[in-house]
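Colleague: Letter by letter, the chains look like this.
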Amino acid sequence: MALLLTILLPLFGFALLGLFGKRMQEPLPGVIASGLVLASFLLGVGLLLSGGARFETEWLPGIPFSLLLDNLSGLMLMIVTGVGFLIHVYAIGYMAKDPGYSRFFAYFNLFIAMMLTLVLADSYPVMFIGWEGVGLASFLLIGFWYQNAQYADSARKAFIVNRIGDLGFLLGMAILWALYGTLSISELKEALEGPLKNPSLLALAGLLLFLGAVGKSAQIPLMVWLPDAMAGPTPVSALIHAATMVTAGVYLIARSSFLYSALPEVSYTIAVIGLLTAAYGALSAFGQTDIKKIVAYSTISQLGYMFLAAGVGAYWVALFHVLTHAFFKALLFLASGSVIHALGGEQDVRKMGGLWRHLPYTRWHGLIGALALGGLPLLSGFWSKDAILTATLTYPFGGVGFYVGALLVAVLTAMYAMRWFVLVFLGEERGHHHPHEAPPVMLWPNHLLALGSVLAGYLALPHPLPNLLEPFLKPALAEVEAHHLSLGAEWGLIGLSALVALLGLWAGYTFFQRKAFPGWYLAFEAASRESFYVDRIYNALIVNPLKALAEALLQGDFGLLRGYFGLGGSVRGLGQGLARLQTGYLRVYALLFVLGVLVLLGVMRW
Amino acid sequence: MSYLLASALLFALGVYGVLTRRTAILVFLSIELMLNAANLSLVGFARAHGLDGQVAALMVIAIAAAEVAVGLGLIVAIFRHRESTAVDDLSELRG
Amino acid sequence: MTLAILAVFSVALTLLGFVLPPQGVKRATLLGLALALLSLLLTWGKPFAFGPYTVDGVSQVFTLLALLGALWTVGLVRSRRFEFYLLVLYAALGMHLLASTRHLLLMLVALEALSLPLYALATWRRGQGLEAALKYFLLGALAAAFFLYGTALFYGATGSFLVGTPGQGPLYALALGLLLVGLGFKVALAPFHFWTPDVYQGSPTPVVLFMATSVKAAAFAALLRVASPGVPDALSLLIVLSVLLGNLAALGQKEAKRLLAYSSIAHAGYMALALYTGNAQALGFYLLTYVLATGLAFAVLSEVSPDRVPLESLRGLFRKDPLLGLALFLASLSLLGLPPLAGFWGKYLVFLEAAKAGQWGLLVLALLTSAVSAYYYLGLGLAVFQKGEAEALPRPWARNVALLVALLLLLLGLFPGSLLPALAAGS
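Chains as they are written, first to last, in our numbering: chain A, 1 to 606; chain B, 607 to 701; chain C, 702 to 1128.
These are computed hints drawn from the structure, not numbers from a lab. Please note that the accuracy of each hint is not assured.
DEER-style ranges, computed between Cβ atoms [what the hints assert, rightly or not]: (1) C:Ser740 with A:Ser186: 39 to 47 Å; (2) A:Thr57 with C:Trp1061: 27 to 35 Å; (3) C:Gly1059 with A:Ser186: 30 to 38 Å.
Computed cross-link-like contacts, DSSO-like style, restricted to lysine-lysine with a CA-CA straight-line distance of at most 27 Å [stated by the list, open to error]: (4) A:Lys474 with C:Lys1021; (5) C:Lys1021 with A:Lys97; (6) A:Lys97 with C:Lys1088; (7) C:Lys1088 with A:Lys197; (8) A:Lys22 with C:Lys1057.
C-beta: ideal position from N, C-alpha, C; glycine also.
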């Protein structure tokens, strides 16, 4: 019951603020929302310390509503509510004076409640409720400033692309149900222990579930929604599109590790997709000019790393990276938010620069965040990224290839992290603004996140140093056989990756301070700015055929969404034609009625 | 069998009337014709199956009377409101 | 018991109506309906039979839904003439009877007993109300004639008036087809749906609430009995037409009541999917979620205006009255069948029945059209959040009920299992 309360608390906040928030004075809605998330955090930690918890009640025929708090969901619960609490507090300052202040916190609490449902679920349908619920909250928050048509379109794009993934999730569930007659994760875990019943069908189920994860976590080929999702307020980007919701896909794989560890081919696919996405995100980050989109592409790339880790069977490492990433990416977003706040809404990095002098605290947040992302040795990002690199090398199927790829992406990561930092904080001032530092209510969360970005990595140091996280998570995850590296080799590799990170950081630092760039770089940047034309390719391959269909009835449209709505328009045209049958003349109705009777009698089998 | 044929014919006539008459009263009258067609077949079937059918026919007459009460009231109200009972005049609600 | 209570109250109030003030009649009607509901709950799961009047699980579940709709309607209306309440009471009596018999003649009597008051109720607003009522009446009488002819043929083919009597031959098939026409009209299955949009638009909103919820529930109970021994194969045609026509025609609607009328046609199509296996539990649950959601939507609309409700006039409702706005939003999401709202499970259960019956083509069509329906349900639901000047003068009573039902939709969506065993009584 207490476990259910962790979900009900923020849900209560959603109802309270949704109904009565309008009548409350600022900052009361923000304080209530933050307080409830903190309460949920404390309750969750308390339950975890008392050895986990379980909740089950009658729900659907054959499917109970079951929640489970074990170490795996406990870790996620702490990330969601802990980092979530800090971002809530930050938003008290960031959203001040916004006309939708209470609505924002209502949605934010709804998101936390749904994310907790997703994380705590012990059966796939329950997880699916959370899965859809966070999608809904994300939709509402991306389109938070819905008066701006483009933002509202972004929200719909995110929703629609996610639906493709959700379909995979649903079909995957259906197959599991057909095979085992249960959707409880604990029961499936036991059922899968013996020899597999129908390996090829099971692999299909695994792939379909992974498709759900691909949609939610913005992996290739469904990554197009995440950069556009930056239309929402910055705390939304930090909480939903960096720290928590997008890692739900990784969590799903980890939760289902018992399934994926039995399916090496599917795992291999996951690793390949992860590595490709990591590279794609990193390359695309170079050309972006929107301060938040740079960070958004880096999120895609880092999520790719997590999937790579999960794919090679190092599930705990994937969660380790989820943890460190939650800290430094939330920090980067909130620092970006502070910068945007300081410049009165400016988001274009070409109009920034030279903020080092003006923002005495935020500059350090930005620096720590960028360095942690870039993998500077001894910061959290370094430890988790290094753990991923080591894990790829122990992977029996082509581990070296994965290792080299991941290492190259690490260099790129370090470089674009520095590009972000250099463009925003160093160099000369390119805009005409009067920057001012953020208020304390926005600074303190960042202080704590910065602390986390430095220290979170020490939870799991490489062998033989102490590693707290791995034994903590082990019981909840499946084991995958991997060969072990010798101590010397491991530390040699750590040295190598440290060297590579330093090299990348230094290269980025010097290169992006240059006044003029070589021609090849400019060409690359132009392609990168368009994210390698993926949106256009999608438009050409998927949207335009639909569009051609729609255009027959409707005027021309552009883009994925417009195409979608164009299709809607043509269906609507059909509907209006049908509604024209409804002439209003009684005798026409009677005639159609009688015709209907004749047709009905005609099709009957006599 | 001839009862059945007559009843089917009567029913078809009723349907034809519903489709072709323009005033509400006559449309309604045609529907009454259809009810009576059903009555005829009920009575006809009663020859084979016992008295149930005849009782049913009596009941249907009562039902039809109730329908008439409401229907004529309605049609009178419409006539008072717009001085016409042509069903084709009533086409404000559509789409 | 239920029948006796409804009958006694109907007769007594007909006489007392001339001396009591209208408010008194309203209270007495509410009392009668509530007592009937109570007696239903007290005898829940216990079958009872008296001649052709048989109370079983199906009858109880569907009567419950019909009575809920009737209570809601009476509560929402403040009429200066006592006849309004009486007519609702008569109709409720007819509904209970319709849900509680296998005897075709009694069904016909019940059908008329529920329809005739409704024709009168539809005229409650003169002008367009008269047009709506005439259309409803003439088409309804036509459908009743088909139903009666079906009854006569059924009698001819089997020698009995009890549905479920086995039979064969063209006469029997024809009879079942005609019965299907008569009841298909009542539940608004295409192509016998033509009255629905016009009547919904022209009638006062609380009456529409009654038509959309109670009538559908009672008529589906009868349809379940008529179709259960072996579904006439023409049913698939009705389902295909209903889900296509209902959903597509709703896309272009600009008036909320008309939009919901088309949506009710589509829902009738989805509900008919459950007839293939005759599973009363699935159908009952679907109807429950449908009654709650569509009732909620009409209840909100009736607070906005008793008359026409163009979609534009809903804009800004959330700002004006958050509770009503949210209620309409939740209702339309539930009608759309979005988890975690109750409507999702209704669809899930019914679609499951279609899958069990092997109707894969219908299932795919149902899924596709239900995706199409997202356009107009979201349009309706999101309209309340847009900028605009909605007017609403909700009474506290109506607001509380709206809140209650909205919570119920959420709770049922989160824990559908809590009610399912109670509904299983009928299957």
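Colleague: Decide, hint by hint, whether the structure agrees.
Modeller: Each hint, compared with the structure:
no.	hint	verdict
1	C:Ser740 with A:Ser186: 39 to 47 Å	holds, 45 Å
2	A:Thr57 with C:Trp1061: 27 to 35 Å	holds, 33 Å
3	C:Gly1059 with A:Ser186: 30 to 38 Å	holds, 33 Å
4	A:Lys474 with C:Lys1021	violated, 53 Å
5	C:Lys1021 with A:Lys97	holds, 21 Å
6	A:Lys97 with C:Lys1088	holds, 19 Å
7	C:Lys1088 with A:Lys197	violated, 56 Å
8	A:Lys22 with C:Lys1057	violated, 48 Å
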